[in-house]
Each structure stands twice: as C-alpha cells, then as structure tokens.
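Asker: Could you put together the complete structure from these sequences and hints?
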Amino acid sequence: MTERTLALLQLLRLPAIFTTWSNILAAHLIATAGHPRWGTLSLLLAASSALYLGGMVLNDCFDLEEDRRERPGRPLPSGRIGIRTAWLAGWGLLLLGLLLAAAAGPAPLLVALPLTLAIVAYDGWLKRGPLGPVAMGLCRYLNWILGLSVAPLVPASWLLPLPVLIYIWSVTTLSRMETGAAERRLLALCIGGTLAAALGLLLLVLGGILPGYLAIPPLLLLTALLLWRQASLFRDPAPARVQGTVKLMLFGVIPLDALLLLAAGHGWSALLLPLLLIPGRRLARIVYIT
Numbered sequence: 001m002t003e004r005t006l007a008l009l010q011l012l013r014l015p016a017i018f019t020t021w022s023n024i025l026a027a028h029l030i031a032t033a034g035h036p037r038w039g040t041l042s043l044l045l046a047a048s049s050a051l052y053l054g055g056m057v058l059n060d061c062f063d064l065e066e067d068r069r070e071r072p073g074r075p076l077p078s079g080r081i082g083i084r085t086a087w088l089a090g091w092g093l094l095l096l097g098l099l100l101a102a103a104a105g106p107a108p109l110l111v112a113l114p115l116t117l118a119i120v121a122y123d124g125w126l127k128r129g130p131l132g133p134v135a136m137g138l139c140r141y142l143n144w145i146l147g148l149s150v151a152p153l154v155p156a157s158w159l160l161p162l163p164v165l166i167y168i169w170s171v172t173t174l175s176r177m178e179t180g181a182a183e184r185r186l187l188a189l190c191i192g193g194t195l196a197a198a199l200g201l202l203l204l205v206l207g208g209i210l211p212g213y214l215a216i217p218p219l220l221l222l223t224a225l226l227l228w229r230q231a232s233l234f235r236d237p238a239p240a241r242v243q244g245t246v247k248l249m250l251f252g253v254i255p256l257d258a259l260l261l262l263a264a265g266h267g268w269s270a271l272l273l274p275l276l277l278i279p280g281r282r283l284a285r286i287v288y289i290t
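Take the sequence shown: its letter number 270 is residue 270 in the numbering used here, and every next letter is one higher.
No wet-lab data here; the hints were simulated from the structure.
Hints are not guaranteed to be accurate.
Cβ-Cβ distance ranges computed for the label pairs, FRET-style [claimed, not checked]:
# : residue 1 : residue 2 : range
1 : P114      : E66       : 32 to 40 Å
2 : G208      : W91       : 40 to 48 Å
3 : P152      : L199      : 23 to 31 Å
4 : W228      : P114      : 35 to 43 Å
Idealized CB from N, CA, C, for every residue including glycine.
Answerer: Next comes the structure, spelled out in structure tokens:
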C-alpha cells in the first residue's frame with residue numbers, strides 16, 4: 001500500500017463505513033419486510049457512503065489547526081493530502097450523496113437533506129459543545145431513517161432508530177476521553193447511555209412495536225459485555241484504553257442493528273449482518289477509526 005493510499009484511507013476513516021452500511025441494510029430490510037428492492041438499496045448504500053465519507057473529510061478540514069498541534073501525523077497537517085483537495089472532496093462527496101439519494105426517490109432526498117445539515121453542523125460548530133454527542137447521534141438516526149424511507153414513514157418508523165441515536169450519543173460522549181480528559185462524569189454518562197439504548201430496544205419489543213422477543217437474551221448479553229468493558233475504565237482510563245473501547249463500541253453498532261433486525265422478525269438477516277464486522281475490523285488494524 002502506497003503512502004498516499006494509506007493517507008486517503010485514514011482521512012476517510014474507511015473502517016467505520018461498514019457501520020453505516022449496517023444501518024441502511026437493517027432499516028431497508030425492516031421497511032421492505034425482508035424483500036429488498038435491490039436497485040433502491042444500492043442507491044441508498046451509495047448515498048449513505050458518500051455522506052459519511054464527506055463528513056469524515058470535512059471533520060478533518062475543520063480540525064486542521066487543532067490537529068497541527070495535537071495530531072501532526074494525520075493526513076492534512078502532515079501535508080500528505082492538500083487542504084484544498086480535502087475541502088473540495090468533502091463538499092463534493094456531500095453533493096454526490098444528495099444526488100444519489102435523489103436518484104433513489106423524493107423521500108430519500110427529503111431525509112438526506114437534514115442528514116447533510118446535521119453532518120455539517122456537527123463537523124463545523126457543534127462537535128466540541130454539549131450538543132456534539134446529540135448531533136452525532138442524530139446523524140446516525142437520520143441514516144437509519146434514510147434506510148427506512150423506501151416505505152411510507154409511519155409513526156412507529158421514527159421510534160425504531162432511537163436506540164441507535166442514544167447508543168451513538170453514548171459512544172461520542174466516551175470519545176471525549178480519548179484526548180486525556182479522564183472525567184468519571186463522561187464515563188458515567190456513557191454507561192447511562194448504553195443502558196438507555198438497551199432499554200429503548202427492550203421497550204420497542206415489550207411495547208409491541210417490534211415482535212421479536214428472541215432479541216432480548218442477546219441484547220442483555222451485549223449490554224453486559226459493553227458495561228463490563230466501560231466499567232474497567234474506572235480503574236484505568238488511559239487514552240489508549242479509552243480509544244480501544246470507543247472502537248469496540250463503534251463496531252458495536254453492527255450487532256445493535258442486527259438485534260433490531262432480529263426483534264423485527266428477520267432472523268436470518270440478523271445472523272448475516274454481523275459479517276460486516278470482518279472487513280471492518282480487519283481494515284481497522286491498519287487504518288485508525290477515531
């Protein structure tokens with residue numbers, strides 16, 4: 001792999017793209033009752049990918065001055081990729097995402113527009129403030145709605161991705177400890193968010209919105225594993241261990257999506273979806289994800 005190729009993969013945070021695909025696949029399969037519309041699904045996956053990649057590039061563009069001080073080895077501050085090229089690529093990818101969503105239909109475009117605004121708002125203004133984790137959670141929530149938009153969005157549709165929103169809020173809150181801010185408050189919020197996300201999915205099942213009680217045992221197991229990993233940071237909140245936990249939780253989006261599929265009654269799809277972890281984690285060995 002050439003140095004420039006590696007720099008490009010790092011700028012794009014490519015390993016995490018598999019978690020965005022997981023959102024779209026799970027939502028689309030639920031919306032179509034397990035009968036995917038392959039053409040539309042392909043466009044939605046491409047649109048989601050372009051929006052995600054554009055957001056990642058713009059994130060580093062907005063962070064350039066900070067990265068020059070704290071992370072000088074990253075692609076932009078090191079000069080391996082030019083800042084002008086990165087700005088053009090970031091905005092171009094967002095535009096491409098909107099065009100692909102429009103090709104999928106009016107409803108996907110109507111979802112992609114606020115998703116794009118949420119991405120830009122997070123990257124440019126909200127990321128460091130108290131609304132940062134909420135904005136990131138909203139991006140994932142809208143990505144899920146993008147996958148659901150192939151079918152009419154009934155009131156229950158807007159409830160389905162709430163566990164994902166809360167979970168990503170939790171991950172983003174924890175990620176603030178990566179730079180050395182070893183605050184127990186952040187860790188406590190992360191643990192509370194993980195519990196709230198699990199409770200949200202549980203309520204979707206117990207409330208009859210999703211019929212699959214089979215999802216409850218693996219949900220409890222996944223939640224217990226995450227809580228155990230998070231609680232270990234109380235003893236040793238070193239930035240490297242925090243980063244490892246954030247990485248674990250970010251890939252945890254895929255099993256969470258699989259649990260939503262299982263709760264919706266799509267058992268075989270729920271078993272297959274975690275296969276996305278294989279390429280994602282393999283790629284994450286050579287390209288950082290956070």
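Asker: Taking the numbered hints from earlier one at a time, note which ones the structure violates and give those numbers from smallest to largest.
Answerer: Hint 1 alone not satisfied by this model.
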